[in-house]
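If you read the first sequence in this note's numbering, its first letter stands for residue 2, the second for the next number, and so on.
Keep in mind that a hint or two might mislead.
[To be verified] DSSO-like, lysine-lysine: derived pairs with alpha carbons at most 30 Å apart:
1. K289 / K247
2. K205 / K170
3. K207 / K250
4. K234 / K250
5. K330 / K247
6. K244 / K184
7. K244 / K207
8. K330 / K250
Derived by calculation from the structure, the hints in this document are not laboratory data.
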Amino acid sequence: MKRKNCMLGIGISPRRLPALRRALLAWYDAHGRVLPWRQTSDPYKIWVSEVMLQQTRVAAATEYYQRFTARFATVRALARASEADVLAQWSGLGYYRRARMLHAAAKLVVEEYSGEVPTSEAALRHLPGIGRYTAAAIASIAFGEATAVVDSNVERVSSRMRGAPPNSKDEYWQQASEWLDRKRPGDWNQAMMELGATICLPGKPKCGVCPARRWCVTQGQLSAEKRADSRHKHTVTYLLASKNTKGSKALLLVQRGEEERLMAGMWELPTAESAEADAASVPLLQLKHSITVTDYEVRVIAGTRSRGQGSWVSVRELQSLPFTGLARKILRRLGVLTAY
DNA sequence: AATTCGTGGTG
DNA sequence: TCACCAAGAAT
């Protein structure tokens with residue numbers, strides 16, 4: 002008779018779970034990174050950090066977190082800020098829908114919850130931008146609710162420890178719930194993610210220093226599970242038009258419409274007409290830029306467009322505008338915008 | 001249910 | 001150089 006890969010056959014014996022919990026939590030206590038959002042118990046700030054960390058590395062999110070929580074120190078402060086201001090603070094971090102939903106959720110919290118962040122996973126789940134993962138993360142970390150999280154780290158760690166990925170997404174959540182340390186749910190969740198982010202790496206896991214090795218089936222013998230996703234390719238040409246007015250320099254920029262599906266309301270360079278693009282022999286700048294599933298070949302040419310859409314913006318005002326990441330990259334490369 | 005959203009580090 | 005991928009959510 003063939004053995005089936007059911008949960009009972011492939012998981013960790015319940016008898017061995019307490020020791021696993023102790024080992025992983027001890028490792029986390031001793032080796033967990035000191036991160037700014039781990040130094041606070043403010044639910045609002047933990048919420049901000051969790052949204053910033055959605056599909057975003059710790060290294061990228063850290064400085065944004067510091068700036069954002071300094072600028073908007075409370076839910077109320079965020080709620081009364083303008084969307085442009087919020088987007089400007091988010092500029093460069095990507096996935097701008099997160100910023101809009103966080104802003105909208107902050108307003109909701111002020112109006113519907115008297116400015117107090119909802120304290121349960123179930124209530125958090127109703128706020129825009131808070132899905133299954135984020136609701137459980139905030140509830141466990143900020144409020145100590147005994148609820149487990151599953152992110153891509155937990156999926157990888159869990160698959161390797163079990164020896165194989167489960168048959169469905171839901172089994173990840175079921176297993177995470179079984180493994181959860183219900184005395185320290187927030188720390189346990191962060192420990193699992195920390196393990197995936199620093200030890201149980203996608204490419205080559207550092208099994209030699211892994212605190213969970215005793216409980217791991219694969220121990221580095223990972224079955225390849227890669228998929229090649231086809232990417233789209235596009236070429237785009239932007240125009241750099243500048244003029245001097247009263248001794249101050251201004252650039253021609255365009256703001257995306259509020260109804261745009263992508264990056265609404267954010268600023269970028271005007272695109273060149275095809276005739277202009279063809280006529281320009283030597284671009285000022287040429288670079289590659291990828292936006293999720295599309296690879297762009299970007300050219301920037303000099304121009305002096307006097308009519309058409311766009312606004313002349315003084316270079317002094319540039320720092321406060323919510324630029325798209327591509328626009329920021331271009332302006333930085335051209336030396337127009339100093340790094341920030 | 002499969003796609004799409006941004007960006008930067010990494011090997 | 002370039003494909004992979006990261007504390008996911010919404011549609």
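Hint-by-hint comparison with the structure:
no.	hint	verdict
1	K289 / K247	violated (35 Å)
2	K205 / K170	holds (24 Å)
3	K207 / K250	violated (53 Å)
4	K234 / K250	violated (34 Å)
5	K330 / K247	holds (28 Å)
6	K244 / K184	violated (63 Å)
7	K244 / K207	violated (55 Å)
8	K330 / K250	holds (19 Å)
Of the numbered hints given earlier, the model fails hints 1, 3, 4, 6, 7; all others are met.
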